[in-house]
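K.L.:
Sequence:
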Amino acid sequence: MELESILKFLENKSILVTGATGFLAKIFVEKVLRTQPKVKKLYLLLRAKDEKSAAQRLNNEVIGKDLFRVLKERWGPNFSSFAREKMTVMAGDITRGDMGLTDAKLKEEMLSQLDVIVNLAATTNFDERGGLILENPYYMGDTLNGATGLDIDNEVRLVEEKLKQLRAEQASDSDITLAMKDFGIAS
2 MELESILKFL ENKSILVTGA TGFLAKIFVE KVLRTQPKVK KLYLLLRAKD EKSAAQRLNN
62 EVIGKDLFRV LKERWGPNFS SFAREKMTVM AGDITRGDMG LTDAKLKEEM LSQLDVIVNL
122 AATTNFDERG GLILENPYYM GDTLNGATGL DIDNEVRLVE EKLKQLRAEQ ASDSDITLAM
182 KDFGIAS
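In terms of the working numbering, the sequence shown is residues 2 to 188.
Because the hints were derived from the structure by calculation, they are not lab data. The structure displayed is predicted, hence computed values, not measured ones. Heads up, some of the hints might be wrong.
[As the list claims (entries may be wrong)] Label-pair distances were calculated between CB atoms; the ranges are: (1) 96 - 65: 18 to 28 Å; (2) 169 - 124: 52 to 62 Å; (3) 8 - 176: 29 to 39 Å; (4) 113 - 68: 26 to 36 Å; (5) 68 - 157: 45 to 55 Å; (6) 112 - 169: 50 to 60 Å.
[As the list claims (entries may be wrong)] Straight line, CA to CA, 27 Å or less: simulated DSSO-like cross-link-like pairs of lysine-lysine: (7) 87 - 9; (8) 9 - 39; (9) 50 - 27; (10) 87 - 106; (11) 14 - 108; (12) 27 - 106; (13) 108 - 41; (14) 106 - 39; (15) 87 - 73; (16) 182 - 163; (17) 32 - 108; (18) 39 - 27; (19) 50 - 106; (20) 27 - 66; (21) 73 - 27; (22) 73 - 41; (23) 53 - 42.
Backbone N, C-alpha and C define an ideal beta-carbon position, used for all residues, glycine too.
Please put together the full structure from these sequences, using the hints given.
P.N.:
This is the structure in structure tokens:
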């Protein structure tokens, strides 16, 4: 996707960003606000006990960082009003039902306007033993749905047969290239 089409897509969109104080989320929020100031709204979900604590965390851990310097310089004294217009901070927790949102009115507003969800939340407890979900090793040839594994030799043979057929039909180089590109999606 080209940058212009991404920027056009984000125009007038409402986006939910989880894990708003995390490394990737900060960069995402700053980039969206800097490159597409016509974004409708960024709903920023971050772990906090209440909205006041969430707003304080947003100011200290996100907006207060040097990352937002360019935006602050661009908007000057209007940055605070721009930020209030574009960002809605929400205290919550993705590990809880309804993402831990307690403000029913805010939740309803967000759900009625939401166009995009960007999940950047992550656990910060690095002492957990083996994660929360037990993992099984994945071996070469295994598939997620339990179907027969991928047979590389058979795939190569199919491509060679298709190429041989196209050459026998005296297909042009561009037709062969196109057929080889399409071959992966043909059944």
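K.L.:
Determine for every hint whether it applies to the structure shown.
P.N.:
Here is how each hint holds up against the structure:
1. Range check, residue 96 to residue 65: about 26 Å between beta-carbon atoms, so the 18 to 28 Å window is met.
2. Hint check: residue 169 to residue 124, Cβ distance near 57 Å, so the stated range 52 to 62 Å holds.
3. Checked against the given bound of 29 to 39 Å, the beta carbons of residue 8 and residue 176, roughly 36 Å apart, stay inside it.
4. Between residue 113 and residue 68, the C-beta spacing of about 31 Å keeps the proposed range 26 to 36 Å intact.
5. The hint said 45 to 55 Å for the Cβ distance between residue 68 and residue 157, and at roughly 47 Å that hint holds.
6. The beta-carbon spacing between residue 112 and residue 169, approximately 58 Å, falls within the hinted interval of 50 to 60 Å.
7. Of the supplied pair hints, the one linking residue 87 and residue 9 holds, its CA atoms being roughly 17 Å apart against a limit of 27 Å.
8. Annotation: proposed proximity of residue 9 to residue 39 holds, straight-line Cα distance about 9 Å (limit 27 Å).
9. Of the pairs offered as hints, the one joining residue 50 and residue 27 holds, with about 20 Å between alpha carbons and a cut-off of 27 Å not exceeded.
10. Among the hinted pairs, residue 87 with residue 106 is consistent with the structure: their alpha-carbon atoms are about 18 Å apart, no more than 27 Å.
11. Under the criterion of a C-alpha separation no larger than 27 Å, the hint pairing residue 14 with residue 108 is consistent with the structure, at around 17 Å.
12. For the proposed pair residue 27 and residue 106, the alpha carbon gap of about 26 Å is at most 27 Å, so the pair holds.
13. Restraint check for residue 108 and residue 41: the C-alpha separation of about 16 Å stays at or below 27 Å, so the hint holds.
14. Simply put, residue 106 and residue 39 have alpha-carbon atoms about 24 Å apart, close enough for the 27 Å limit, and the pair holds.
15. A hinted pair counts as satisfied when its Cα atoms are at most 27 Å apart, and residue 87 with residue 73 qualifies at roughly 14 Å.
16. Between the alpha carbons of residue 182 and residue 163 the distance comes to roughly 12 Å, so the proposed pair stays at or under 27 Å and holds.
17. Proximity of residue 32 to residue 108 is assessed by CA-CA distance (about 25 Å); at most 27 Å being required, the pair is judged to hold.
18. For the proposed pair residue 39 and residue 27, the alpha carbon gap of about 18 Å is at most 27 Å, so the pair holds.
19. Between residue 50 and residue 106 the CA atoms are separated by roughly 18 Å; this keeps the pair inside 27 Å, and the hint holds.
20. For the hint pairing residue 27 with residue 66, the CA-to-CA distance comes to about 9 Å; that is within 27 Å, so the pair holds.
21. Straight-line distance between C-alpha atoms of residue 73 and residue 27 comes to about 15 Å, which keeps the hinted pair within the 27 Å bound.
22. Distance hint between residue 73 and residue 41 is fulfilled; the C-alpha atoms sit about 19 Å from each other, no more than 27 Å.
23. Restraint check for residue 53 and residue 42: satisfied, since their Cα atoms lie roughly 19 Å apart, inside the 27 Å limit.
Consistency note: the structure conflicts with none of the earlier hints.
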